[in-house]
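Enquirer: One line per chain: the protein sequences are A and B, in this order. Mapping of the first sequence onto this note's numbering: position 6 corresponds to residue 6, and the numbering continues sequentially without gaps. Basically this note's numbering = 1-based index in the second sequence + 1000.
I should point out that these hints are in silico values taken from the structure, not numbers from a laboratory. Note that the Cβ used here is the ideal one computed from N, Cα and C, for glycine as well. Mixed in with the good hints, there may be bad ones.
If we take Cβ atoms under 7 Å as the criterion, some of the chain B residues that face chain A in the derived model are [said to hold, decoys possible]:
#1 Thr1070
#2 Thr1071
#3 Glu1086
#4 Lys1150
#5 Glu1151
#6 Lys1185
#7 Gln1186
#8 Glu1188
#9 Arg1189
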Amino acid sequence: MTDIIWGNGSKVLSANSFLLNVTHRKQGNKQDYSDSEKIIMTSADLPGLPQNQSDWDEESLKTYIIDAFLKCEIEQRDESGVILAKVSHSGAGGY
Amino acid sequence: MWEPLVVNYSQLDKVSFESILSEKIPAIVIRNFYDKKNCQTIASRIKNYNHSDFQNGKLKHIGPYLMSNTTNKKKYFEDAKDAQREFEKIFDGIKNPITHIYESIGDKFPDHSISLAREFKNDYSPAIIRIHEKGKSIPIHKDNVRYEGKEYALSDVDHQISCILHLQESESGGDLVMYNKQWKKQDERFRNIDFGYTSRLIDSSQVCKMSNFNAGDLVVMNPNYYHKVTEITGNTPRFTLGMFLGFYRKNCKIVTWA
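Sequences are here, hints too, so could you generate the full structure?
Expert: Next up, the structure:
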């Protein structure tokens, strides 16, 4: 089972990476996650963000990442401690 | 006082909907907006819509809603096409409640056109019928197409309002609670995992509780205010028909979708 963490994007570091303030962790995660994690997006499913990574840029990524509530499905943590993850927005309309 | 305006349908000509757009009141409740007998007809058709699913409590809604397809436009528009056909069946032979909402809201904005939203020849979903069984509640949330509907053309609307027609009420529960606090992006740190927000967000906000809805009542509200629906506690499921209206003030245009 994939580890999952959720939280709010706090700082965009590059065209495909950012800092996540972790607010929720899936019960049963195999690894521990700190309150702030550096994430590299291997793919993304965020409203408005192009699917094609070559269309991403640091400036426009801020619109989709900063303060947004994000779900990160973790693929791996590299040697430097950075997390590689699939990033998506979750939530559906209600009343 | 922050409270809804409650009127009877016969008094609708005296009501200004600008009070919703200008955020002076949380909601307008229009009693007896839609014929009760028609509500009963629709309710009975919903129960027979997919009988086994209905009896098993699997049927939660009829028609797609954009917010659950924020990054899947293709599916949304395909499902919207199907929904149009289903609604035609459900409203066959009776006054279409969606048309009734169009006409009534259209009358309040005579300088605006009103139509179902379209994008590249695709119709948006005209409405959603929600089925809320005993035990169901909807947590604190907002609806804001400008934020979550960024992939859709109508995410550039100037204002968004929500219309909810009550088709069948439960014996108890299912109250609408609104908080005098509008969503802003920084509030996303109060999000729950799957849906909605923690109650810490609205701790100090004025509250407005609307209950005792009857079949045929229409609620018009600004969905950017945090709101929730309390748990359905009666045995009879609650049915509502919901749609959004988006206002383009410069173009004097109103578009609808669900």
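Enquirer: Next step is simple, just say for each hint if it's right about the structure.
Expert: Here is how each hint holds up against the structure:
no. : hint    : in the structure
1   : Thr1070 : holds, 4 Å
2   : Thr1071 : holds, 5 Å
3   : Glu1086 : violated, 19 Å
4   : Lys1150 : holds, 3 Å
5   : Glu1151 : holds, 5 Å
6   : Lys1185 : holds, 5 Å
7   : Gln1186 : holds, 6 Å
8   : Glu1188 : holds, 4 Å
9   : Arg1189 : holds, 5 Å
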